[in-house]
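Engineer: Which chain is which? The protein sequence lines are A and B, in order.
The letter at position 100 of the first sequence is residue 100 when you use the UniProt record's numbering, and the numbering goes up by one with no holes.
The letter at position 399 of the second sequence is residue 399 when you use the UniProt record's numbering, and the numbering goes up by one with no holes.
Quick caveat, the hints were computed from the structure, so don't treat them as lab data.
Hints may contain errors.
Sample of chain B residues facing chain A (criterion: CB under 8 Å; computed from the structure) [to be verified]:
1) Lys478
2) Tyr483
3) Tyr492
4) Tyr498
5) Pro499
Derived DSBU-like pairs (lysine-lysine); straight-line CA-CA distance at most 35 Å [claimed, not checked]:
6) Lys410/B <-> Lys318/B
7) Lys450/B <-> Lys32/A
8) Lys450/B <-> Lys85/A
9) Lys52/B <-> Lys175/B
10) Lys373/B <-> Lys324/B
11) Lys401/B <-> Lys85/A
12) Lys25/A <-> Lys450/B
13) Lys85/A <-> Lys324/B
14) Lys161/B <-> Lys52/B
15) Lys401/B <-> Lys108/B
16) Lys108/B <-> Lys410/B
17) Lys348/B <-> Lys108/B
18) Lys123/A <-> Lys450/B
19) Lys410/B <-> Lys135/A
20) Lys123/A <-> Lys339/B
21) Lys348/B <-> Lys123/A
22) Lys348/B <-> Lys92/A
23) Lys25/A <-> Lys410/B
24) Lys318/B <-> Lys395/B
25) Lys395/B <-> Lys135/A
26) Lys410/B <-> Lys85/A
27) Lys395/B <-> Lys85/A
28) Lys92/A <-> Lys450/B
29) Lys427/B <-> Lys123/A
30) Lys395/B <-> Lys92/A
31) Lys450/B <-> Lys161/B
32) Lys163/B <-> Lys72/B
33) Lys29/A <-> Lys43/A
34) Lys318/B <-> Lys339/B
35) Lys450/B <-> Lys374/B
36) Lys324/B <-> Lys123/A
37) Lys92/A <-> Lys422/B
38) Lys92/A <-> Lys163/B
39) Lys85/A <-> Lys29/A
40) Lys135/A <-> Lys450/B
Positions of the beta carbon are idealized from the N, C-alpha and C atoms, including for glycine.
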Amino acid sequence: MKVIYCAALAAALALLPGAAFSQGKTAPKDAKLYFITPYDGQKVRGGFWVRFGLRNMGVTHAGDEYQNAGHHHLLVDVNEPIDPKEPILQDKSHLHFGAGQTETFLELPPGTHTLQLVLGDAKHYPFDPPVVSDKITVRVRQPSQRGK
Amino acid sequence: MGEIRNFRSGNQDGPPPHGPMPRRLAAIIVGDIASYSRLMQADEEGTHVRVKRIERDLIQPSIVEHHGSLVKTTGDGFIAIFDSPVEAVRCSIVIQQNLVGRNASLPKDSRIEYRIGVNLGDVIVEPDDVYGDGVNIATRLEGIAEPGQVYISGAIYEQIKHKVVCGYESLGDRKVKNITDPVRVYRVLPDADAVGRTRGRRENTLIFLLAITLLVIAAGVLWYLLAQTPGRRSEQAAMPTASPAASPSPQPPPREAATQTPQPSPSLALSTPSPAPAPSPSVTPVREPEMIAIRGGSFAMGSNDDPTERPVHQVSIKPFSIGKYPVTVQEWNECAAAKACGFTATGKDNAPISNVSWTDAQQYVGYLAQATKKPYRLPSEAEWEYAARGGTQSKYWWGDKLQPGMAGCKDCGDLAAEQPAKVGSFKPNPFGLHDMGGGIDQWVEDCWHKSYQGAPSDGSAWGGGDCASHVLRSGSWKNDSRYVRPSNRDGYDTNVRYPTHGFRVALSP
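Construct the complete structure from the given sequences, taking the supplied hints into account.
Structural biologist: Okay, structure coming up:
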């Protein structure tokens with residue numbers, strides 16, 4: 001039993017780096033991911049549109065294995081660094097746009113928030129090197145009329 | 001709200017026109033520990049300490065919080081009075097639900113479980129006791145209540161039925177000892193145990209009736225066969241006698257059932273292994289997910305913890321069944337083998353299937369429904385939450401605090417933070433369902449809406465809206481504990497696969 005366990009562990013350890021390397025498709029060096037809107041430091045009231053810009057790469061559906069193409073992920077108030085060996089997380093601060101969307105309408109509570117874009121490959125892994133945008137800050141002000 | 005205390009601390013401002021006896025209308029709670037003598041016999045000091053602790057930490061604060069006042073504690077119970085029936089019942093529910101949490105980690109025979117009766121009556125209040133019919137009835141209600149349950153009288157029910165958001169089951173009029181008129185009794189359902197037991201009893205009755213129906217049908221068929229000359233038809237007609245066993249829906253006429261098997265996938269091979277006199281040699285029974293019947297009811301859906309979960313709204317749920325576990329790799333791969341599902345999954349047989357889109361999940365339930373001739377489907381979002389809550393209204397199904405061993409998530413404690421190796425690694429909720437929260441995200445039928453504004457209240461799936469996304473429930477091993485809450489919800493692109501997304505199936509009766 002123990003032997004099997006050890007063997008399994010050894011196998012897992014041996015395979016782990018391989019698995020990690022097999023992920024993370026290579027991206028062109030000049031790929032650039034950026035926000036069209038909003039701009040860094042912009043003040044917004046209530047909901048606002050976020051538009052994603054991508055140069056020298058293409059946007060496709062999640063699951064599509066085309067070379068030099070991926071799909072957008074919008075990270076809201078995420079401080080942890082991106083783990084290149086794991087799929088980009090999926091939760092309320094890691095928004096996925098696997099259907100190939102290039103914009104979204106965002107509603108955030110009043111206050112200061114950070115936004116960052118990360119391009120993911122067919123299996124939601126970051127590219128190698130990671131294709132990420134600058135992290136920008138938006139200030140959401142109280143909506144002018146409440147209860148809407 | 002403070003009047004009770006005035007009465008108790010002396011009745012100078014109480015208005016007793018008939019002498020010193022202060023009468024007042026009050027909601028009376030009588031609580032009592034089930035099997036107290038057995039517990040005392042097993043461990044006298046330990047039990048005493050535990051009971052005192054429960055009284056100090058739970059019962060007294062709950063009563064005060066709900067503007068009631070503790071009249072007295074007896075060795076194994078307590079009596080409290082409230083101005084408001086609503087508060088009295090809420091307080092009882094809080095006590096019972098907290099006890100469920102406290103008892104969860106204990107072996108069955110050392111659990112301290114209270115029975116609680118609540119009645120509304122005109123009683124005589126003295127500083128350290130209350131007297132009157134009203135108290136006696138509450139005591140009797142407590143006496144007939146099952147451990148862990150709250151029984152209320154008709155008088156209380158009339159006051160609270162539209163105010164306290166939970167289910168009630170009428171137990172009819174009961175004659176109680178030394179009280180002339182029968183008392184109408186209701187069981188309050190948010191208590192998890194009560195729901196479970198009701199389900200059991202109802203189910204048993206149902207199964208019994210079903211069995212009788214089946215016997216009659218079988219006898220009829222047999223008689224029909226004997227009356228005829230036995231021929232090839234006998235084989236065909238004999239099979240359907242097995243098929244209605246699992247589907248209480250109108251039984252298909254014998255011939256139809258026999259001819260409705262166009263594929264080797266056997267409609268007749270149900271959970272009961274049939275002799276399978278099928279035409280095709282390659283008949284393997286369809287592996288059906290293990291299902292748990294959920295009794296219908298009504299509950300408060302949503303929470304105020306996240307904007308997507310607002311507003312909290314009352315939803316009624318019709319009876320349905322739901323998978324005890326998320327669909328497993330093994331179950332999925334049968335669908336893949338039948339070329340009905342898009343890919344063959346790798347991983348352990350009893351691991352939850354993952355990396356499936358909503359569309360993939362639909363393919364599986366479609367396949368299962370077709371292969372079994374049962375209306376398998378995804379649960380609606382309301383059904384999912386109702387089942388996940390397991391009759392509770394707390395933050396998690398086991399209470400308001402995180403506890404290890406209950407769910408698999410990033411910060412849920414001990415054995416979390418890894419991809420679930422198998423389904424059912426954590427404790428089942430009060431409905432007997434595993435992994436309703438944490439483990440693997442689960443698709444439901446509904447289109448994504450960013451709040452419950454305009455949501456249906458009949459428990460059906462909510463279509464329309466942004467149907468390019470569908471609703472995910474449960475949270476996964478990668479999420480933190482906020483996502484484990486039964487009310488947590490999120491939306492995701494309908495056609496996109498993600499490694500933490502799976503599903504479980506539901507079945508209409």
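Engineer: All the hints need checking, so say for each whether the structure fits it.
Structural biologist: Now the hints, each set against the structure:
no. : hint                  : result
1   : Lys478                : holds, 6 Å
2   : Tyr483                : holds, 7 Å
3   : Tyr492                : holds, 7 Å
4   : Tyr498                : holds, 5 Å
5   : Pro499                : holds, 5 Å
6   : Lys410/B <-> Lys318/B : holds, 34 Å
7   : Lys450/B <-> Lys32/A  : holds, 31 Å
8   : Lys450/B <-> Lys85/A  : holds, 31 Å
9   : Lys52/B <-> Lys175/B  : holds, 33 Å
10  : Lys373/B <-> Lys324/B : holds, 20 Å
11  : Lys401/B <-> Lys85/A  : holds, 33 Å
12  : Lys25/A <-> Lys450/B  : holds, 33 Å
13  : Lys85/A <-> Lys324/B  : holds, 33 Å
14  : Lys161/B <-> Lys52/B  : holds, 33 Å
15  : Lys401/B <-> Lys108/B : holds, 21 Å
16  : Lys108/B <-> Lys410/B : holds, 30 Å
17  : Lys348/B <-> Lys108/B : holds, 32 Å
18  : Lys123/A <-> Lys450/B : holds, 26 Å
19  : Lys410/B <-> Lys135/A : holds, 25 Å
20  : Lys123/A <-> Lys339/B : holds, 23 Å
21  : Lys348/B <-> Lys123/A : holds, 21 Å
22  : Lys348/B <-> Lys92/A  : holds, 29 Å
23  : Lys25/A <-> Lys410/B  : holds, 27 Å
24  : Lys318/B <-> Lys395/B : holds, 23 Å
25  : Lys395/B <-> Lys135/A : holds, 34 Å
26  : Lys410/B <-> Lys85/A  : holds, 17 Å
27  : Lys395/B <-> Lys85/A  : holds, 33 Å
28  : Lys92/A <-> Lys450/B  : holds, 12 Å
29  : Lys427/B <-> Lys123/A : holds, 32 Å
30  : Lys395/B <-> Lys92/A  : holds, 18 Å
31  : Lys450/B <-> Lys161/B : holds, 30 Å
32  : Lys163/B <-> Lys72/B  : holds, 28 Å
33  : Lys29/A <-> Lys43/A   : holds, 32 Å
34  : Lys318/B <-> Lys339/B : holds, 33 Å
35  : Lys450/B <-> Lys374/B : holds, 32 Å
36  : Lys324/B <-> Lys123/A : holds, 29 Å
37  : Lys92/A <-> Lys422/B  : holds, 26 Å
38  : Lys92/A <-> Lys163/B  : holds, 33 Å
39  : Lys85/A <-> Lys29/A   : holds, 19 Å
40  : Lys135/A <-> Lys450/B : holds, 26 Å
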